[in-house]
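Enquirer: Going by the numbering used here, the first residue of the sequence shown is number 466, and it counts up by one from there.
Note that these hints are calculated values from the structure, not bench results. Glycine included, C-beta positions come from ideal geometry on N, C-alpha and C. Be careful, since some hints might not be right.
No more than 20 angstroms apart at the CA atoms, straight line, and that leaves these computed lysine to aspartate or glutamate pairs for DMTMM-like [as the list claims (entries may be wrong)]:
1. 598 with 542
2. 598 with 467
3. 538 with 602
Estimated spans, in silico, between C-beta atoms of each pair [unchecked claim]:
4. 609 with 553: 27 to 35 angstroms
5. 567 with 514: 19 to 27 angstroms
6. 549 with 609: 14 to 22 angstroms
7. 575 with 543: 18 to 26 angstroms
8. 528 with 467: 34 to 42 angstroms
9. 517 with 544: 18 to 26 angstroms
10. 467 with 577: 28 to 36 angstroms
11. 583 with 511: 27 to 35 angstroms
12. 580 with 543: 24 to 32 angstroms
13. 539 with 563: 40 to 48 angstroms
14. 586 with 531: 17 to 25 angstroms
15. 586 with 511: 29 to 37 angstroms
16. 609 with 563: 15 to 23 angstroms
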Amino acid sequence: MELRNRLTDLQMKTMSALHRAVLTASGGRLLASFGSMPAVELHTIGRSSGKRRTTMLTAPVHGHQRFVLIASKGGDDRHPQWYLNLVANPDVELTVHGTTLKLRARTASPAEKAELWPQIVAAYRGYDGYQQKTGRDIPVVICEPRPR
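Using the sequences and the hints, build the whole thing.
Expert: As C-alpha coordinates, this is what we get:
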(Lines of atoms letter the chains of each structure in order from A and count residues from 1; the text may use other names and numbers.)
(Lines give C-alpha, C1' and ligand atoms only; values in the text may rest on other atoms or scores of the structure.)
Protein backbone atom coordinates (compact mmCIF):
# COMPACT_ATOMS: atom_id res chain seq x y z
CA MET A 1 0.00 0.00 0.00
CA GLU A 2 2.81 2.41 0.88
CA LEU A 3 4.46 1.88 -2.53
CA ARG A 4 1.13 2.45 -4.29
CA ASN A 5 0.61 5.71 -2.36
CA ARG A 6 4.12 6.90 -3.26
CA LEU A 7 3.54 6.08 -6.94
CA THR A 8 0.20 7.91 -6.92
CA ASP A 9 1.81 10.96 -5.30
CA LEU A 10 4.69 10.91 -7.80
CA GLN A 11 2.24 10.65 -10.71
CA MET A 12 0.21 13.63 -9.42
CA LYS A 13 3.35 15.78 -8.94
CA THR A 14 4.67 14.83 -12.37
CA MET A 15 1.38 15.65 -14.10
CA SER A 16 1.23 19.01 -12.33
CA ALA A 17 4.84 19.86 -13.25
CA LEU A 18 4.33 18.87 -16.90
CA HIS A 19 1.11 20.87 -17.11
CA ARG A 20 2.83 23.93 -15.66
CA ALA A 21 5.80 23.50 -18.04
CA VAL A 22 3.60 23.29 -21.15
CA LEU A 23 1.49 26.25 -20.01
CA THR A 24 4.61 28.34 -19.37
CA ALA A 25 6.44 27.31 -22.54
CA SER A 26 3.40 28.12 -24.69
CA GLY A 27 2.93 31.54 -23.12
CA GLY A 28 -0.38 30.41 -21.67
CA ARG A 29 -1.83 29.27 -24.99
CA LEU A 30 -1.73 25.49 -24.44
CA LEU A 31 -3.53 23.72 -21.60
CA ALA A 32 -4.98 26.99 -20.28
CA SER A 33 -8.32 25.28 -19.81
CA PHE A 34 -9.98 21.89 -19.68
CA GLY A 35 -13.40 22.26 -21.28
CA SER A 36 -15.08 25.16 -19.50
CA MET A 37 -12.68 24.98 -16.54
CA PRO A 38 -9.69 27.33 -16.46
CA ALA A 39 -6.37 25.85 -15.45
CA VAL A 40 -5.12 27.55 -12.30
CA GLU A 41 -1.85 27.50 -10.41
CA LEU A 42 -2.54 27.22 -6.70
CA HIS A 43 0.26 28.56 -4.52
CA THR A 44 0.21 27.41 -0.89
CA ILE A 45 2.67 27.42 1.98
CA GLY A 46 3.81 23.94 3.02
CA ARG A 47 2.42 23.21 6.47
CA SER A 48 5.63 21.45 7.57
CA SER A 49 8.31 23.00 5.38
CA GLY A 50 7.07 26.60 5.28
CA LYS A 51 8.07 26.62 1.59
CA ARG A 52 5.91 27.90 -1.25
CA ARG A 53 4.24 25.02 -3.10
CA THR A 54 2.55 25.21 -6.50
CA THR A 55 -0.01 22.81 -7.91
CA MET A 56 -1.87 22.91 -11.21
CA LEU A 57 -5.63 22.43 -10.85
CA THR A 58 -8.84 23.33 -12.62
CA ALA A 59 -11.66 25.50 -11.31
CA PRO A 60 -15.00 23.98 -12.34
CA VAL A 61 -16.93 26.91 -10.85
CA HIS A 62 -15.48 30.41 -11.17
CA GLY A 63 -16.34 34.05 -11.54
CA HIS A 64 -15.97 37.47 -9.89
CA GLN A 65 -12.61 36.54 -8.27
CA ARG A 66 -14.22 33.45 -6.71
CA PHE A 67 -12.79 30.08 -7.65
CA VAL A 68 -13.96 26.64 -6.56
CA LEU A 69 -11.38 23.86 -6.39
CA ILE A 70 -11.98 20.16 -5.79
CA ALA A 71 -9.64 18.18 -3.51
CA SER A 72 -10.37 14.93 -5.34
CA LYS A 73 -6.86 13.53 -5.90
CA GLY A 74 -8.44 11.33 -8.57
CA GLY A 75 -10.64 9.58 -6.02
CA ASP A 76 -7.73 8.59 -3.79
CA ASP A 77 -8.60 7.82 -0.15
CA ARG A 78 -6.14 10.51 1.03
CA HIS A 79 -6.50 14.27 0.82
CA PRO A 80 -4.10 15.99 -1.58
CA GLN A 81 -1.15 17.74 0.05
CA TRP A 82 -2.23 21.11 -1.35
CA TYR A 83 -5.52 20.79 0.52
CA LEU A 84 -3.80 20.00 3.82
CA ASN A 85 -1.51 22.99 3.24
CA LEU A 86 -4.36 25.45 2.67
CA VAL A 87 -6.27 24.14 5.69
CA ALA A 88 -3.16 24.96 7.77
CA ASN A 89 -2.64 28.33 6.04
CA PRO A 90 -5.73 29.55 4.13
CA ASP A 91 -4.02 32.59 2.60
CA VAL A 92 -3.24 31.35 -0.90
CA GLU A 93 -2.41 32.79 -4.29
CA LEU A 94 -4.04 31.64 -7.48
CA THR A 95 -2.57 32.37 -10.90
CA VAL A 96 -5.21 32.40 -13.62
CA HIS A 97 -4.40 33.39 -17.23
CA GLY A 98 -1.13 34.96 -16.06
CA THR A 99 -2.67 37.06 -13.28
CA THR A 100 -1.94 36.18 -9.66
CA LEU A 101 -4.65 36.85 -7.11
CA LYS A 102 -4.26 36.89 -3.32
CA LEU A 103 -7.16 34.84 -1.98
CA ARG A 104 -8.38 33.15 1.18
CA ALA A 105 -9.37 29.49 0.86
CA ARG A 106 -11.93 27.66 2.93
CA THR A 107 -13.67 24.32 2.81
CA ALA A 108 -17.27 24.63 1.67
CA SER A 109 -19.89 23.78 4.26
CA PRO A 110 -22.04 20.69 3.56
CA ALA A 111 -24.86 23.00 2.39
CA GLU A 112 -22.50 24.93 0.08
CA LYS A 113 -21.09 21.70 -1.33
CA ALA A 114 -24.61 20.38 -1.99
CA GLU A 115 -25.43 23.59 -3.86
CA LEU A 116 -22.16 23.62 -5.85
CA TRP A 117 -21.88 19.89 -6.63
CA PRO A 118 -24.31 19.86 -9.61
CA GLN A 119 -22.34 22.73 -11.21
CA ILE A 120 -19.06 20.95 -10.50
CA VAL A 121 -20.24 17.70 -12.08
CA ALA A 122 -21.72 19.61 -15.03
CA ALA A 123 -18.24 21.04 -15.71
CA TYR A 124 -16.56 17.63 -15.37
CA ARG A 125 -18.45 14.37 -14.78
CA GLY A 126 -15.30 12.70 -13.52
CA TYR A 127 -15.66 14.39 -10.14
CA ASP A 128 -18.78 12.33 -9.44
CA GLY A 129 -16.83 9.17 -10.26
CA TYR A 130 -14.02 10.23 -7.94
CA GLN A 131 -16.50 10.75 -5.10
CA GLN A 132 -17.99 7.29 -5.70
CA LYS A 133 -14.52 5.72 -5.82
CA THR A 134 -13.48 6.88 -2.34
CA GLY A 135 -14.94 6.59 1.13
CA ARG A 136 -13.79 10.10 2.08
CA ASP A 137 -15.96 13.13 1.54
CA ILE A 138 -14.08 15.02 -1.17
CA PRO A 139 -13.64 18.61 0.00
CA VAL A 140 -14.83 21.49 -2.13
CA VAL A 141 -12.67 24.56 -1.61
CA ILE A 142 -13.90 28.10 -2.13
CA CYS A 143 -11.22 30.72 -2.81
CA GLU A 144 -12.31 34.34 -2.45
CA PRO A 145 -10.55 37.72 -2.06
CA ARG A 146 -8.87 38.18 1.31
CA PRO A 147 -10.57 40.58 3.70
CA ARG A 148 -8.84 43.94 3.91
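Enquirer: Can you name, in rising order, the numbers of the hints this structure does not satisfy?
Expert: Hints 4, 13 are the ones this structure does not satisfy, whereas the remaining hints hold.
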